[in-house]
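Chemist: So the sequences go chain by chain: A and B.
Here the first sequence is numbered in our numbering, starting from 955 and rising by one per residue.
Here the second sequence is numbered in our numbering, starting from -8 and rising by one per residue.
None of these hints come from the bench; they were simulated from the model.
Below, simulated SDA-like cross-link-like pairs (lysine to any residue); rule was C-alpha separation at most 20 Å, straight line:
1. A:Lys990 to B:Val79
2. A:Lys990 to B:His95
3. B:Lys48 to A:Asp957
4. A:Lys990 to B:Thr(-4)
5. A:Lys990 to B:Ala(-7)
6. B:Lys62 to A:Ser1051
7. A:Lys990 to B:Met32
8. A:Lys990 to B:Asp98
9. A:Lys990 to B:Arg101
10. A:Lys1022 to A:Gly1048
11. A:Lys990 to B:Pro93
12. A:Lys1021 to A:Thr979
13. B:Lys0 to A:Gln991
Treat the numbers as computed from the prediction; the structure is a model and nothing was measured.
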Amino acid sequence: GEDVEQSLFLSVREGDSSVINCTYTDSSSTYLYWYKQEPGAGLQLLTYIFSNMDMKQDQRLTVLLNKKDKHLSLCIADTQTGDSAIYFCAERAGTASKLTFGTGTRLQVTL
Amino acid sequence: NAGVTQTPKFQVLKTGQSMTLQCAQDMNHNSMYWYRQDPGMGLRLIYYSASEGTTDKGEVPNGYNVSRLNKREFSLRLESAAPSQTSVYFCASSDRDRERQPQHFGDGTRLSIL
Chain A
955 GEDVEQSLFL SVREGDSSVI NCTYTDSSST YLYWYKQEPG AGLQLLTYIF
1005 SNMDMKQDQR LTVLLNKKDK HLSLCIADTQ TGDSAIYFCA ERAGTASKLT
1055 FGTGTRLQVT L
Chain B
-8 NAGVTQTPKF QVLKTGQSMT LQCAQDMNHN SMYWYRQDPG MGLRLIYYSA
42 SEGTTDKGEV PNGYNVSRLN KREFSLRLES AAPSQTSVYF CASSDRDRER
92 QPQHFGDGTR LSIL
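My request is simple: use the sequences and hints to build the entire structure.
Modeler: Listed below in structure tokens is the structure:
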């Protein structure tokens, strides 16, 4: 079955780059997503990448995909205090509509 | 633009009580989902509905029932609440006919069972 893993916590200083990592097991993954959850709120879609891509850039966000190692990264440039949140990666296998989520990485941005 | 609306936002129940969590979406999406979020465990799928009139079990369906009332609404029912069901519940929806199919989430229902 599908399994998605993330480290639980990351602390960075304001202005530095953040790298949040995710590994998944399902080789039939088609789309991979990054969601952001701020305190007391639902999940907000940040970006996604199709499985035949290696990289996708969207303003301060860069997504890197190593399909061979089933490893996904979210890089945030010039990290700000407003980026403090929990970040979830999620995968969609094949044509299924449902997603499998990782456990989430709490990003703490310090001054 | 409301998106996905969940009610109530907070609820406290006693063990054995029943409760229905409501979810409605105004994006004309085909698919709807119920998740629970627990510390250190991410989001776990309880039930989902790929289209109006169909429902399927997810990863953790025991103790729950769902109803896809129409295309807009998908409710989650706890028939006899247990303390292990204390959690934050999220409803989501997606458009099955769009290839990317990102899921859109409500703000959650925080449920405590005493």
